[in-house]
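What follows is the residue order along each chain.
Protein chains: 2
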Amino acid sequence: MTITKDIIKRLNKILGDKSVLVSRTDLMSFSYDATSNWQGMPEIVLFPTDIKQISEVLALANENSIPVTVRGAGTNLSGGSIPVSGGIVLCTSRMNRIIEIDAVNFTATVEAGVVLNDFNMELAKQNLFFPPDPQSYLAATMGGCVAENSGGPYGLKYGVFKHYLLGMKAVLATGEIVSLGAKTIKNVTGYDLPLLICGSEGTLAVVAQATIKLLPMPEARQTVLAVFNDVITANAAVSKILSRGVRPAKAELIDNWIIRRIEEAAPLGLPVDAEAILLFELDGAVETVSMEAAKVVELCFNAGATDVREAKDKKEADNFWTARRMGFSAIYGNAPTALAEDVTVPMDKLPELMERIKRIGEKNDVMIVTMGHAGDGNLHPCILTDKKNPEHYARAQKSTQEIFDAALELNGVISGEHGIGLEKRRYLKNAMPPEAIELLKKIKTVFDPRGILNPGKIWE
Amino acid sequence: MTITKDIIKRLNKILGDKSVLVSRTDLMSFSYDATSNWQGMPEIVLFPTDIKQISEVLALANENSIPVTVRGAGTNLSGGSIPVSGGIVLCTSRMNRIIEIDAVNFTATVEAGVVLNDFNMELAKQNLFFPPDPQSYLAATMGGCVAENSGGPYGLKYGVFKHYLLGMKAVLATGEIVSLGAKTIKNVTGYDLPLLICGSEGTLAVVAQATIKLLPMPEARQTVLAVFNDVITANAAVSKILSRGVRPAKAELIDNWIIRRIEEAAPLGLPVDAEAILLFELDGAVETVSMEAAKVVELCFNAGATDVREAKDKKEADNFWTARRMGFSAIYGNAPTALAEDVTVPMDKLPELMERIKRIGEKNDVMIVTMGHAGDGNLHPCILTDKKNPEHYARAQKSTQEIFDAALELNGVISGEHGIGLEKRRYLKNAMPPEAIELLKKIKTVFDPRGILNPGKIWE
Numbered sequence: 001m002t003i004t005k006d007i008i009k010r011l012n013k014i015l016g017d018k019s020v021l022v023s024r025t026d027l028m029s030f031s032y033d034a035t036s037n038w039q040g041m042p043e044i045v046l047f048p049t050d051i052k053q054i055s056e057v058l059a060l061a062n063e064n065s066i067p068v069t070v071r072g073a074g075t076n077l078s079g080g081s082i083p084v085s086g087g088i089v090l091c092t093s094r095m096n097r098i099i100e101i102d103a104v105n106f107t108a109t110v111e112a113g114v115v116l117n118d119f120n121m122e123l124a125k126q127n128l129f130f131p132p133d134p135q136s137y138l139a140a141t142m143g144g145c146v147a148e149n150s151g152g153p154y155g156l157k158y159g160v161f162k163h164y165l166l167g168m169k170a171v172l173a174t175g176e177i178v179s180l181g182a183k184t185i186k187n188v189t190g191y192d193l194p195l196l197i198c199g200s201e202g203t204l205a206v207v208a209q210a211t212i213k214l215l216p217m218p219e220a221r222q223t224v225l226a227v228f229n230d231v232i233t234a235n236a237a238v239s240k241i242l243s244r245g246v247r248p249a250k251a252e253l254i255d256n257w258i259i260r261r262i263e264e265a266a267p268l269g270l271p272v273d274a275e276a277i278l279l280f281e282l283d284g285a286v287e288t289v290s291m292e293a294a295k296v297v298e299l300c301f302n303a304g305a306t307d308v309r310e311a312k313d314k315k316e317a318d319n320f321w322t323a324r325r326m327g328f329s330a331i332y333g334n335a336p337t338a339l340a341e342d343v344t345v346p347m348d349k350l351p352e353l354m355e356r357i358k359r360i361g362e363k364n365d366v367m368i369v370t371m372g373h374a375g376d377g378n379l380h381p382c383i384l385t386d387k388k389n390p391e392h393y394a395r396a397q398k399s400t401q402e403i404f405d406a407a408l409e410l411n412g413v414i415s416g417e418h419g420i421g422l423e424k425r426r427y428l429k430n431a432m433p434p435e436a437i438e439l440l441k442k443i444k445t446v447f448d449p450r451g452i453l454n455p456g457k458i459w460e
Numbered sequence: 001m002t003i004t005k006d007i008i009k010r011l012n013k014i015l016g017d018k019s020v021l022v023s024r025t026d027l028m029s030f031s032y033d034a035t036s037n038w039q040g041m042p043e044i045v046l047f048p049t050d051i052k053q054i055s056e057v058l059a060l061a062n063e064n065s066i067p068v069t070v071r072g073a074g075t076n077l078s079g080g081s082i083p084v085s086g087g088i089v090l091c092t093s094r095m096n097r098i099i100e101i102d103a104v105n106f107t108a109t110v111e112a113g114v115v116l117n118d119f120n121m122e123l124a125k126q127n128l129f130f131p132p133d134p135q136s137y138l139a140a141t142m143g144g145c146v147a148e149n150s151g152g153p154y155g156l157k158y159g160v161f162k163h164y165l166l167g168m169k170a171v172l173a174t175g176e177i178v179s180l181g182a183k184t185i186k187n188v189t190g191y192d193l194p195l196l197i198c199g200s201e202g203t204l205a206v207v208a209q210a211t212i213k214l215l216p217m218p219e220a221r222q223t224v225l226a227v228f229n230d231v232i233t234a235n236a237a238v239s240k241i242l243s244r245g246v247r248p249a250k251a252e253l254i255d256n257w258i259i260r261r262i263e264e265a266a267p268l269g270l271p272v273d274a275e276a277i278l279l280f281e282l283d284g285a286v287e288t289v290s291m292e293a294a295k296v297v298e299l300c301f302n303a304g305a306t307d308v309r310e311a312k313d314k315k316e317a318d319n320f321w322t323a324r325r326m327g328f329s330a331i332y333g334n335a336p337t338a339l340a341e342d343v344t345v346p347m348d349k350l351p352e353l354m355e356r357i358k359r360i361g362e363k364n365d366v367m368i369v370t371m372g373h374a375g376d377g378n379l380h381p382c383i384l385t386d387k388k389n390p391e392h393y394a395r396a397q398k399s400t401q402e403i404f405d406a407a408l409e410l411n412g413v414i415s416g417e418h419g420i421g422l423e424k425r426r427y428l429k430n431a432m433p434p435e436a437i438e439l440l441k442k443i444k445t446v447f448d449p450r451g452i453l454n455p456g457k458i459w460e
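Chains as they are written, first to last, in my numbering: chain W, 1 to 460; chain U, 1 to 460.
Be aware that one or more of the hints could be misleading.
Think about it this way: if two alpha-carbon atoms lie no more than 16 angstroms apart in a straight line, the pair counts; the simulated EDC-like pairs of lysine to aspartate or glutamate are [stated by the list, open to error]: (1) W/K240 <-> U/E310; (2) U/K442 <-> W/E438; (3) W/K295 <-> U/E219.
Just the calculated beta-carbon pair ranges, DEER-fashion [stated by the list, open to error]: (4) U/N302 <-> W/P449: 54 to 62 angstroms; (5) W/D17 <-> U/N302: 29 to 37 angstroms; (6) W/P433 <-> U/E287: 44 to 52 angstroms; (7) U/A266 <-> W/A220: 48 to 56 angstroms; (8) W/E460 <-> U/E63: 30 to 38 angstroms; (9) W/D307 <-> U/E435: 27 to 35 angstroms; (10) W/D50 <-> U/N411: 16 to 24 angstroms; (11) U/E287 <-> W/E316: 51 to 59 angstroms; (12) W/D50 <-> U/K441: 28 to 36 angstroms.
In case anyone wonders, no lab produced these hints; they're calculated from the structure.
Beta carbons are placed, not taken as given, at the ideal position from N, Cα and C, and that holds for glycine.
Could you build all of it, start to finish, from the sequences and the hints given here?
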């Protein structure tokens, strides 16, 4: 315990007692994130309503060396928001104002606790578009998305959060409030601190506000569903389509096992007999979209699809994408523990990665199901296991390690979008040269000399 | 002098004597960049041919605290590659291999000394496109573009270098060679060191190789030229077009004085009587481009253009863009000293910035001519002066300061793409909070404890 009664009193004074949780039952809810195999209890949970409160909390925490873990909606998938060292959880959910949507300059400024979906709904009213689309967008917060550099299916055509981040108001570990970056598309004033903080998993600073770039809403969208006899052919098809110059906004893969679990949970019209499906979205001007959709249909057939069709209307298209989004929860409902991985390889190495994952599952006698962003090389193999069964869990973890090794051997990375968090920190040394890890640690010390911000994450 | 005869001997041994320059006449060429008011003599110039040589040079320089300034083609516009502290200039021009163009994964890996234009020509053969387009692209090197986070007219639609950088091989100040990032579109493995080094102006590490993302070449392009009676109406027109959902690839502004100087230097068909012109490029699928070009024509007329026309063929379009690219050199030929500035504001603030710049010029009795990337708020006002005339030069510098103040007051930044270098280091304290500048300095110390890499840049 690092938090004394006196500190609780002082925190109550900063935030007001309606913004402070200390009872064990209340704290329990903040001991998890969406990762199924980690837990850590906070000592106190705080709900700041403005940046000044964050500043005062951090100054106090720093003075007393109290760990501070920032949490948005806790939807992250690598244990990043689990307070493994106890201390304070700083929950941004009450800082949820959209400060500005500037339709002329194509920018917006939001507080950290704004839910991505709420933001998207406001943008849609003004015909604006913000592409980063983690599949938890119904709950995920903008601050969490900055901290994790979030992305999703739109990564293929539109990149991830860092490609849209222009500036931020952040609070340093010592409590200083700083404005970094600007509301301009171009800016080369000193090192790019917003981009250093983006993806740093809450270890460098607390992001209170973000300013981001927006795009005009595409005039039209079309969804194409293609059925394949095996996942490897399906993955290879994506390569062939992209190399012909067609640029879908999304290209997603789902395997048969996951298709069946999704359809059991909610019948949304996926073909349950398909060994694998690819879901594409094309977007842009009306004429371009219909032309490209026709091309994707043709190229999928050429690449071995057994059936390909365009969604007949917006409702069917929405159903397909809802199904895709349900992937992780459909998996979670079917195993006591699911290790959801996040390896990424250069796109043309996907078929080989799939082959290796298949062999890894067979060799270790564990079930590995797969979905992912086939269009950008980011796969989510999920290992079904039970952490209460040590023998099985050991085989599952061995499989994880082997999947990481396979990805690195194929010039890939161990995390495409979920981050390192707790889940992958013991693998970091395989994924980065030791000199680079030294640089990370020293940068951490520059920002957070006492190590209070999200300790225990990224490296061991 | 920090370089002894013994060190010269050791450097000769590392590089071979054909890769070492020491004579005063030879060194003189490396004492400038494209900025017209700074100079600094190196003591020795080296031309490494591989990363191992860079590593050995840095280890030696670090051991002896010798300043090292990396230089590509020296086209930068803020004094970034001028060796103001003497020491070594490390010129990357002989490391000019395109290591890989991967048309399936849409990535490429190049050595630092590859000239951007040479790279673009190779890409075109494979129908690939790399958007960052500093107007010095005929000479600028890829390493220089990483160091300066370069961009140009395509910034409007396609962003700048950092939006394409995936990974790099870099040499740290102490000589270690590190691979950072990866050949994958998504990667959240630790802090994003490649993006921290991108735009750091050679102060954090020496970039020897870069891996970047590519795009498919757009199927079609069309150029539109619009004539206006004044620069302020022209700038306002861009806002109006963008807010209607049209997304040109480029939207460039040139004022009458610059138009005349360009046409004097080489008649390329610009309308010499126009007070201001806007040059647009639309790109994408054939149908989309012709539709959008027609929309731009209509919207320009609505916004007050006196004449608007589409380029009649590729040759005319190329001529217009060549003319635009000649802007800076046309200015330089007409004044002993030209202070080429680079302020950026949110796009809808451009008309107000233009008004203020006009008043600043009148008040200080200096001539300020303007061109720039009207589409992304990045303006290049150029002050014509003569640094040998102290009284006039003082008024020019006062005008620079006032332009920076105006940009900052309008929520802008003091550099959109040229960097801070020497030119703007005394203004950094106006453009960033002191806590952020402290972070920059500490990050610099993490990477370069003895301060040998490009000392004297970014801050004073």
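Each hint, compared with the structure:
| no. | hint | result |
| --- | --- | --- |
| 1 | W/K240 <-> U/E310 | 36 angstroms, violated |
| 2 | U/K442 <-> W/E438 | 15 angstroms, holds |
| 3 | W/K295 <-> U/E219 | 15 angstroms, holds |
| 4 | U/N302 <-> W/P449: 54 to 62 angstroms | 57 angstroms, holds |
| 5 | W/D17 <-> U/N302: 29 to 37 angstroms | 58 angstroms, violated |
| 6 | W/P433 <-> U/E287: 44 to 52 angstroms | 48 angstroms, holds |
| 7 | U/A266 <-> W/A220: 48 to 56 angstroms | 43 angstroms, violated |
| 8 | W/E460 <-> U/E63: 30 to 38 angstroms | 33 angstroms, holds |
| 9 | W/D307 <-> U/E435: 27 to 35 angstroms | 59 angstroms, violated |
| 10 | W/D50 <-> U/N411: 16 to 24 angstroms | 21 angstroms, holds |
| 11 | U/E287 <-> W/E316: 51 to 59 angstroms | 26 angstroms, violated |
| 12 | W/D50 <-> U/K441: 28 to 36 angstroms | 29 angstroms, holds |
In the structure shown, a violation is registered for the earlier hints numbered 1, 5, 7, 9 and 11, in ascending order.
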